Structure formats: structure tokens, C-alpha cells
Amino acid sequence: MSHTGTDGGVHHGWLAGLLHPLTGMDHLAAMLAVGIWSALVSTQRWMAPLAFASVLLVGALAAQAGLPTVAVEPMIAVSLLTLGLLIAARVAVPQAVAAGLVAAFAWFHGAAHGHELAGHAALLGMVLSTAVLHGVGIGLGVVLQRSHAWAPRIAGAMVGAVGVSSVMALV
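Offset between the sequence shown (1-based) and this note's numbering: plus 11.
Treat the hints with care, as some may be off.
Unchecked claim - Have a look at the derived ranges for each label pair, beta carbon to beta carbon:
(1) Val175 - Val147: 34 to 40 Å
(2) Gly130 - Trp161: 42 to 48 Å
(3) Gly77 - Ser158: 44 to 50 Å
(4) Gly146 - Met36: 17 to 23 Å
(5) Val108 - Arg157: 23 to 29 Å
(6) Gln55 - Ala160: 19 to 25 Å
No lab work stands behind these hints, which were simulated from the structure alone.
These figures come from a predicted structure and were not determined experimentally.
From the three backbone atoms N, C-alpha and C, an ideal C-beta is built for every residue, glycine too.
Could you put the whole structure together from the sequences, leaning on the hints where they help?
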């Protein structure tokens, strides 16, 4: 589950933002999954991750500005379940569709981060960390392409399991 910023202001600096996506399994799995899926099914590997990172920032800024977003936690869980299935099945869709789908999911991840982090420095750190995780995910996806056919299925199942865990935490 996303964790809220109840730390009395520790989530304000760029380092807090940089580390934040690494401290929640749901965020970590989603960031890696976007990169993995892009590498598995696309020749333009950075298009969907770039869309995700951009909308993540916009969603976080919107949340910090007070724009309400409903169903943040359920949609984060849905994003993990969906990305897990897309990876496991190696579902290829047109680039614009992939970018749009992950951008929609990014809005909810951004809203969660926007409530947890304060200040532009923290958001800058978050976007940088997200880009690095997407890059690591792309690298993992390239390795998975060259691996046994079951490897992407296992990776997708692992992402989906984080989604199931997120759903169970909501119940």
C-alpha cells in the first residue's frame, strides 16, 4: 500500500523524493513493470515510461494543489494487476495505447506521491528515481526477452502478486 506522509515534514527534500519510490513495494513494482513491459513489446522502449513519468509528475502536482482523486489505492492495485498480466502474456498494443494506459495509471501513482511528498525538490527526486527504475525495468525486460519463454510469465506473476497483495490490503 502507498504510505502516507505522517513524518512531520521529513518527506520534503529531493533525497526523500528520490528514495520514496524505492520504499513502497507497490510503487517499486509499478515503475519496474512499466519498463519491463515496454522492453518486451515495443521498439520505442522509452515512450510509455516517458508518458508515465510525465503524468506521474502532473498527478503529484495536482494532488499537492488539492485536486481530489478518487480510488487512488484501488487504481494502484489495478495498475499492478494489469501490468502483471500484460507482461506475463507479452501483450503488444500500439505505442499510443500503451503510453495512454500507463499514463492513466501514473495519474493515480502521482496522486499518491503528491499526498506523501511536499515541495518541488521532493517531486524532482521522485521523477528522477522513477526514470531510473524505468531504465532498470527496460534492462530487465531485455534480459527477459532473451530468457526462457517462462521468464516473462514469472516476472508478470510477481508484479501481479504485488497487485493482489494491494487488493487484499484494501479489504
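Practice problem: Check each numbered hint from earlier against the structure, then list the numbers of those it violates in ascending order. | Solution: 1
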